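Here is how the chains run, residue by residue.
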Amino acid sequence: MPYIPSADDLEVITREVWTSFLDGDPAGLIATSSEMPADKITGCVHLTGAYTGSIMLQCSPPAARQAAAALFSIAPENVTQSEVVDAIGEIANMVGGNVKSMLPGPSALSLPSVVQGLLSVPGAQVVREVQLSWHAQPLFVSLWQQAS
Amino acid sequence: MRILIVDDSRAMRLIVARTLRLAGYEEHELIEAVDGRHALDVVAEEPPDLVLCDWNMPQMSGLELLTALRGAGSSIPFGFVTSEASPQMRVTALQAGAMFLIAKPFTAQDFQDALDPVLA
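Going down the list, the protein sequences come from chains A and B.
Going letter by letter, the first sequence gives residues 1 to 148 in the working numbering.
Going letter by letter, the second sequence gives residues 149 to 268 in the working numbering.
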């Protein structure tokens with residue numbers, strides 16, 4: 001059976017991205033269950049090949065603004081919508097690229113897409129998910145797999 | 149020296165530039181391109197001394213850019229800065245003519261390890 005990254009793997013990868021580029025405090029991300037708002041921001045990359053599925057990063061709009069502010073080194077109140085899209089897309093790309101390295105290959109990684117609200121991937125289901133909190137705002141990372 | 153940063157994410161271009169300063173390369177001139185095709189234009193206009201390039205980009209990928217440069221006879225030092233860093237991708241990068249591959253997320257030390265031999 002090929003190895004499928006665990007929820008712990010998703011958390012380790014997310015923490016590595018966060019501590020490297022968003023928040024130097026390793027305690028900034030807390031593992032906890034919380035409610036994700038309906039107007040969440042979703043960043044997603046798709047994999048096609050030996051593993052076909054998606055890696056999604058979802059967070060509340062305030063967390064998305066905080067993330068963009070951290071990457072662009074600006075105040076959250078000055079963050080534009082295009083900077084949120086750029087930041088969440090790049091974070092999804094980084095997490096997705098690292099998850100891809102742990103999955104069976106070869107697979108191709110798509111460019112990231114970012115939406116506000118629910119992103120549906122027809123025929124795919126969640127196989128792993130980690131629920132985190134950052135600045136008391138929800139942040140979920142999930143691995144999806146397309147039904148064969 | 150001129151270092152060309154190629155990435156479709158403006159946030160990542162900023163982070164790469166910030167990391168170059170942290171790694172001690174603040175005296176170098178930094179220029180940017182938003183994808184491989186844009187980078188080809190920049191290189192044709194005034195060749196940089198080093199290209200730091202994302203892999204996965206719209207218009208033209210980093211690998212396509214590197215292949216185009218080497219196909220045109222360019223030997224500009226070229227390194228990938230990418231979220232995909234599997235052993236197979238490292239082999240592909242080196243076979244195409246890249247000098248190194250830095251995985252995202254990275255540290256200033258990662259940049260020093262990769263760039264010092266090139267910029268020394």
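Please keep in mind that the hints were generated in silico from the structure rather than gathered at the bench.
Small disclaimer: the values here were computed from a predicted structure and weren't measured.
Heads up, some of the hints might be wrong.
[Stated by the list, open to error] Computed, partial: chain B to chain A, Cβ under 8 Å:
1) Ser157
2) Arg158
3) Ala159
4) Met208
5) Ala233
6) Ser234
7) Gln236
8) Val239
9) Ile250
10) Pro253
11) Ala256
[Stated by the list, open to error] Not close to chain B: a few residues of chain A, all C-beta gaps over 12 Å, as computed:
12) Asp9
13) Ser20
14) Ala75
15) Glu77
16) Ser120
17) Gln137
18) Ser148
Note that CB positions come from ideal geometry on N, CA and C, so glycine has one too.
>> Interface hint check: Gln236(B), Cβ to nearest Cβ on chain A, cutoff 8 Å. Holds or violated?
In response: holds, 6 Å
> Are all beta-carbon distances from Ala75(A) to chain B longer than 12 Å?
Replying inline: It holds; Ala75(A) is separated from chain B by about 15 Å at its closest Cβ, greater than 12 Å.
> Does Ile250(B) pass the interface check with chain A, least Cβ-Cβ distance below 8 Å?
Replying inline: violated, 12 Å
> How about Val239(B): closest beta carbon in chain A under 8 Å, or not?
Replying inline: Val239(B) check fails; min Cβ-Cβ to chain A is 12 Å, beyond 8 Å.
>> Please check whether Ser157(B) passes as an interface residue: C-beta within 8 Å of a C-beta belonging to chain A.
In response: holds, 4 Å
>> At 12 Å, judged by beta carbons, does Ser148(A) keep clear of chain B as stated?
In response: holds, 22 Å
> For Ser120(A), which was marked as not at the interface, is the minimum beta-carbon distance to chain B over 12 Å?
Replying inline: Nearest chain B Cβ is 23 Å from Ser120(A), so the label holds.
> Would the hint on Ser234(B) stand, with a C-beta cut-off of 8 Å toward chain A?
Replying inline: Result: holds, 5 Å to nearest chain A Cβ.
> Taking 12 Å as the cut and beta carbons as the points, is Glu77(A) off the interface with chain B?
Replying inline: Per Cβ check, Glu77(A) is outside 12 Å of chain B; nearest 18 Å; holds.
>> Tell me if the interface restraint on Met208(B) is satisfied: Cβ within less than 8 Å of some Cβ in chain A.
In response: Since the shortest Cβ distance to chain A is 13 Å, the answer is violated.
> For Ser20(A), is the shortest beta carbon distance to chain B beyond 12 Å?
Replying inline: violated, 3 Å
> When the nearest CB of chain A is found for Ala256(B), is that gap smaller than 8 Å?
Replying inline: violated, 10 Å
Going down the numbered hints, you'll see the structure goes against 4, 8, 9, 11 and 13, while the others check out.
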